[in-house]
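Let the hints inform the model, and build the full structure from the sequences given.
Residue numbers (this note's numbering), protein chains in the order written: chain B, 46 to 400; chain C, 46 to 400; chain H, 46 to 400; chain Z, 46 to 400.
Do not rely on the hints blindly, as some may be mistaken.
As the list makes no split between identical chains, a pair holds if one copy fits it or if it spans any two.
Using 30 Å as the maximum straight-line C-alpha spacing, the simulated DSBU-like pairs for lysine-lysine come out as follows [what the hints assert, rightly or not]:
1) 362 to 392
2) 362 to 373
3) 104 to 265
4) 392 to 354
Read the hints as simulated data drawn from the structure, not as lab findings.
Protein chains: 4
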Amino acid sequence: MKQRILIVNSGGDCPGMNAVIRAVVKRAALESNWEIIGSIDGFDGILSSPYELKFLDEKSVSGIIVKGGTFLMTNNKRNPFNYPVKQSDNSIKYTDVTDQLIKNLKDLNISSIIHIGGNESHKISYQLSKKGVNIVGVPKTINNDLSITDYSFGFQSAVQIATEAVDKLVTTANSHNRVLILEVMGRNTGWIALHAAIAGGADVCLIPEIPFTIEKIIEKLESRYSIDGRGFANIVVAEGARFKGENLALSPGLIAREITARLKEKNFNHDIRETILGHLQRGGVPMAFDRILATELGVKAFETILEKKFGTMTIHKNGELTNIPLEKVIDKNNKIETTHNLIQTAKGIGISFGD
Amino acid sequence: MKQRILIVNSGGDCPGMNAVIRAVVKRAALESNWEIIGSIDGFDGILSSPYELKFLDEKSVSGIIVKGGTFLMTNNKRNPFNYPVKQSDNSIKYTDVTDQLIKNLKDLNISSIIHIGGNESHKISYQLSKKGVNIVGVPKTINNDLSITDYSFGFQSAVQIATEAVDKLVTTANSHNRVLILEVMGRNTGWIALHAAIAGGADVCLIPEIPFTIEKIIEKLESRYSIDGRGFANIVVAEGARFKGENLALSPGLIAREITARLKEKNFNHDIRETILGHLQRGGVPMAFDRILATELGVKAFETILEKKFGTMTIHKNGELTNIPLEKVIDKNNKIETTHNLIQTAKGIGISFGD
Amino acid sequence: MKQRILIVNSGGDCPGMNAVIRAVVKRAALESNWEIIGSIDGFDGILSSPYELKFLDEKSVSGIIVKGGTFLMTNNKRNPFNYPVKQSDNSIKYTDVTDQLIKNLKDLNISSIIHIGGNESHKISYQLSKKGVNIVGVPKTINNDLSITDYSFGFQSAVQIATEAVDKLVTTANSHNRVLILEVMGRNTGWIALHAAIAGGADVCLIPEIPFTIEKIIEKLESRYSIDGRGFANIVVAEGARFKGENLALSPGLIAREITARLKEKNFNHDIRETILGHLQRGGVPMAFDRILATELGVKAFETILEKKFGTMTIHKNGELTNIPLEKVIDKNNKIETTHNLIQTAKGIGISFGD
Amino acid sequence: MKQRILIVNSGGDCPGMNAVIRAVVKRAALESNWEIIGSIDGFDGILSSPYELKFLDEKSVSGIIVKGGTFLMTNNKRNPFNYPVKQSDNSIKYTDVTDQLIKNLKDLNISSIIHIGGNESHKISYQLSKKGVNIVGVPKTINNDLSITDYSFGFQSAVQIATEAVDKLVTTANSHNRVLILEVMGRNTGWIALHAAIAGGADVCLIPEIPFTIEKIIEKLESRYSIDGRGFANIVVAEGARFKGENLALSPGLIAREITARLKEKNFNHDIRETILGHLQRGGVPMAFDRILATELGVKAFETILEKKFGTMTIHKNGELTNIPLEKVIDKNNKIETTHNLIQTAKGIGISFGD
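What follows is the structure, given as structure tokens:
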């Protein structure tokens with residue numbers, strides 16, 4: 046009988062997820078003895094009754110490398126250790142269903158799992174691994190906030206989309222002497238904002254790692270207008286950026302507005318427009334960079350299973366594809382050090398961090 | 046002495062404005078006796094002291110055809126018939142400065158104006174024309190709300206950007222079974238929304254011309270989820286769309302939010318995300334379609350001046366480049382008739398208008 | 046029993062074909078009594094044994110609007126009136142198989158055909174129509190060489206791709222003071238070349254409708270270098286362009302080379318590079334413009350069958366969707382008149398046609 | 046008096062060159078005592094009489110980060126150690142003009158040079174350095190063939206363009222059951238081809254590092270058609286690829302044709318189309334990745350001059366920005382090892398190298 050691997054997608058969708066799945070399937074096709082099964086919508090596919098699974102052959106992954114998102118779907122809410130189970134009275138009770146999960150894997154003769162996910166997902170992987178599940182993790186985040194791998198696929202696609210947005214805003218800002226504020230993703234980190242600010246030639250970059258003041262922003266903006274009252278300015282702000290000395294934590298989509306409001310409070314008298322990029326950053330055709338990285342990780346994940354190196358994550362480190370134990374992955378968040386090359390580069394071309 | 050033409054940009058910026066300017070300059074270069082001068086920032090350039098003008102030769106327009114916005118800048122606030130003049134006490138008084146404008150034109154030996162603008166701008170053109178200024182209008186709007194011309198440059202670029210946004214949102218919506226609401230521009234019309242909805246394959250399209258109800262939207266969305274509880278849906282909403290039977294007029298950027306709020310009020314229990322496209326629709330590299338249209342109009346505008354057909358606007362009508370008198374242009378807003386081909390096409394592929 | 050429509054794709058592939066198919070299927074889904082069947086690979090699907098057909102429901106057309114080409118495949122070689130039939134000795138004999146085709150349609154209870162194709166394909170439609178087949182044509186060509194419709198889908202996508210190629214070549218030409226020659230498609234017409242030359246800001250545009258001489262090209266190029274020995278130049282040449290006074294008819298891909306060779310023969314001493322754009326012009330994600338046009342035509346084609354207006358083609362004429370009899374379509378090739386707006390516009394901005 | 050730095054661009058143009066220049070200028074603007082001068086067209090600007098130089102301030106580099114190529118122009122032919130000097134009889138004599146170069150630098154009070162170039166250029170840098178010129182190199186190549194730096198800007202932009210070309214060809218190949226051959230750049234290496242083949246999902250990848258046979262290609266292609274006679278295939282071939290056991294070295298643009306000819310010779314009976322991507326790979330808007338990398342290197346190059354670390358090149362190695370002596374750079378060509386990750390990844394998803 047063939048050996049079966051289950052692929053599970055967790056967390057927010059990310060350009061390149063399909064390329065990982067495709068790579069696993071194509072790599073497995075070179076061996077004679079393996080079957081790949083996709084779980085629909087995270088762990089739901091293997092936990093629901095009836096199962097929602099998809100047997101994957103080369104035909105089923107044909108053409109998906111150019112598609113964003115994941116054709117197996119994903120969710121970032123349902124953790125099998127704390128799973129929403131509908132009770133007889135229709136209420137929801139959060140329950141550990143991992144015993145059921147392990148039973149279902151056995152029932153289907155699935156001997157291992159490849160789990161594509163972010164920080165939270167790999168905590169689940171680690172816990173499942175401790176319960177004896179043969180699991181291999183693949184890192185995924187558009188936010189670049191996994192410290193353990195040099196690159197995570199999806200990030201460059203998000204940076205490119207954010208940069209193209211800055212490019213577009215520059216032409217319109219320039220035509221009207223405006224200040225344009227672009228809010229980008231990144232959760233608690235400023236990686237996307239920092240990259241897009243340098244690549245797009247922004248004037249101000251606001252990131253969670255460097256708290257800012259409205260006064261310093263005004264100082265920078267006024268210097269742009271000082272010569273003849275003309276000029277324009279671009280601010281790129283990470284959704285997690287915060288004001289210096291305040292505990293204000295705003296939801297995604299609100300920080301750009303707050304900055305505008307405070308600029309007006311301080312009688313900053315130039316036109317301001319905000320753009321919140323939102324889910325546009327997750328979508329669309331993945332960049333070549335991310336497709337290649339995702340393909341490398343997918344091939345490596347399958348080979349990690351061949352070598353029975355379970356309980357690990359496949360990563361890209363110092364130019365090499367390798368594995369690290371899952372316990373080394375968890376609870377590490379990849380914040381930007383203020384001594385990082387790119388902070389120095391940004392300051393070197395005159396970008397203000399509002400600090 | 047050479048004859049001088051002043052180019053003035055008015056209203057919001059629009060992909061293709063630079064192509065018009067370039068075409069005027071290159072067409073003029075084929076004649077021996079003409080000079081083209083650009084007024085910086087709408088009529089400000091010719092009204093300010095000292096003047097802010099730019100003499101334009103072929104070198105100064107080299108490479109600008111690929112650029113969005115306008116390198117001469119524009120503004121949509123300062124009408125010479127009601128112009129903000131700073132008083133000695135620093136207050137602003139709105140004044141008719143058109144006599145000064147005419148004097149300045151004479152002072153600079155400028156014999157005619159090419160005025161690139163939208164609805165509001167061409168009212169100014171018409172009034173200036175009645176005061177004896179030799180003026181030729183060029184229609185400009187990303188909103189397609191000028192009824193008198195078949196196409197206005199900038200519109201196809203805006204539609205393409207909006208459609209690519211829908212494409213991106215589809216992959217992420219699909220991965221999470223979400224409803225995604227995209228708010229696009231269009232002022233009081235639904236042209237951009239209607240085109241993007243058809244091209245992007247949206248499920249619901251909400252436009253000012255067809256008031257909608259939240260119940261009809263829910264009906265459509267639920268039908269997408271009815272089979273197995275899975276599915277995703279895209280709503281494209283024009284910034285000027287409005288609820289049936291209500292007088293609610295929301296500012297740009299708020300209608301998508303309002304729809305989300307009302308869907309939740311009605312206990313619609315699927316994930317919803319909003320994206321407000323905003324100024325991204327104005328920016329970036331103009332599409333080939335708009336560059337060609339803008340080039341045609343620029344050449345035609347210069348030739349209209351050669352033929353001394355002042356007080357007219359150059360338009361594209363039934364496949365021909367032609368002119369119409371400015372008095373026929375004003376106060377005509379190009380709304381979508383509910384009998385329009387595209388409404389029928391949209392309904393034909395199952396798009397709901399929420400009516 | 047449901048009524049069945051067969052969709053057949055013929056000729057070269059073209060961005061927007063999938064959108065037509067999708068529109069027919071989605072429009073049919075609004076009626077209760079219709080089934081749509083796709084013939085795989087032109088008429089082969091209905092002529093082969095076993096049949097190669099695909100029953101199409103809304104699910105099967107989900108997501109295809111963004112895809113170039115046609116998921117039903119197409120061919121531009123196998124005409125049922127002169128069809129390559131393999132003989133018992135494995136040789137090929139060209140035979141009229143239309144009686145068999147009609148028999149097969151009856152066998153499958155197919156009552157009508159929607160035929161998406163170009164000039165050659167619609168001759169077949171007309172002949173089938175005369176033999177009693179209920180057929181409706183949909184015009185398709187990236188070359189814009191169907192005179193009977195104002196626009197054919199695919200053309201704007203091809204123009205946009207060609208224009209982006211010019212944009213790319215401009216930056217590299219500029220960096221090296223080079224002459225760059227870009228060969229584009231168009232068969233016997235210069236539509237793509239003319240549009241890309243205007244939109245891309247080319248210096249020289251060579252099209253079949255205006256034979257050119259190498260001397261006139263050199264004259265134009267030298268004027269670009271005359272001031273300081275620096276400069277660069279872009280030539281856009283249609284694959285069907287031809288030298289004045291010669292009968293030389295070159296295959297696609299050879300005219301750019303021939304021009305380079307002749308420039309060198311005449312001791313034109315600047316660096317020259319050629320790019321042949323080839324099949325890149327057919328591929329990729331269709332532009333919004335083409336998706337909308339294709340959707341309009343697909344909906345109209347289905348409704349034409351509802352109204353039993355067989356033997357016609359759906360077209361876009363003077364802003365309206367309508368039908369014309371197939372006999373009026375055939376043998377009309379849409380050449381560019383030298384009095385066309387766009388020729389005048391191109392000359393107006395100084396583009397040389399080498400004449 | 047201010048200290049002056051000369052920026053020189055050499056070799057083929059490359060997306061990101063403008064970003065390097067911009068970064069140097071903006072970084073210098075933060076210091077009080079520096080002036081940046083651009084040499085037009087490689088070393089020509091400083092060697093010609095009169096000089097062709099451009100004093101660069103922040104305004105002169107505004108907006109150039111989005112532009113491909115280099116606004117200072119470049120050439121890959123004129124080496125100051127072997128420079129084409131026009132003689133009194135108009136003949137050209139190749140002469141060492143470096144003494145003149147050094148004299149001119151002194152004449153203009155230029156104390157150091159930043160030299161942006163590829164392999165050949167840095168040999169010149171090294172030789173100039175040995176003659177006492179204060180020079181700092183910045184690596185530039187779209188081909189990724191500089192072994193000493195992990196990344197060179199321009200490469201990811203070239204890979205992305207090549208990948209998008211594969212994406213376009215896939216849709217048209219698929220619609221016609223064709224074989225499509227795409228020839229990409231890379232000189233003597235296969236980096237661009239290998240990346241584009243993985244990212245685009247090609248079937249065959251031919252690179253200089255792995256000589257191939259036509260028989261092995263046919264074997265792979267036939268396996269794609271073996272099931273039902275349908276299918277399509279994509280071949281990505283590097284311009285420097287070569288046949289096993291042959292000394293045939295073809296010029297760029299000819300290898301794709303040669304493969305087609307040999308496939309036909311062997312009676313391979315499927316439709317084949319070739320595309321030669323050529324200079325399209327150099328042009329256009331640089332990717333965010335390359336803009337950031339180029340900006341980092343530009344800032345670093347200026348700071349290297351501040352620190353007087355002359356005779357070095359700024360590089361990106363193991364995630365750090367650093368410098369290495371120029372003598373370690375030269376004569377190192379970055380070929381792909383057959384044990385490289387990416388070769389294994391490519392084989393892992395079934396890509397054939399024709400070996």
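**Message:** If the cut is 30 Å between Cα atoms, do residue 362 and residue 373 qualify within a copy, between copies, both or neither?
**Reply:** both (14 Å within a copy, 25 Å between copies)
**Asked** Given identical chains, is residue 362 near residue 392, meaning Cα to Cα at most 30 Å, within a copy, between copies, both, or neither?
**Response** both (27 Å within a copy, 21 Å between copies)
**Message:** Checking an output row: residue 392 and residue 354, CA cutoff 30 Å. Within, between, both or neither?
**Reply:** between (43 Å within a copy, 21 Å between copies)
**Asked** At most 30 Å between C-alpha atoms: does residue 104 with residue 265 qualify within a copy, between copies, both, or neither?
**Response** Only across copies: residue 104 and residue 265 sit 17 Å apart there, 55 Å inside one copy, limit 30 Å.
Comparing the model with each numbered hint stated earlier shows that all of them hold.
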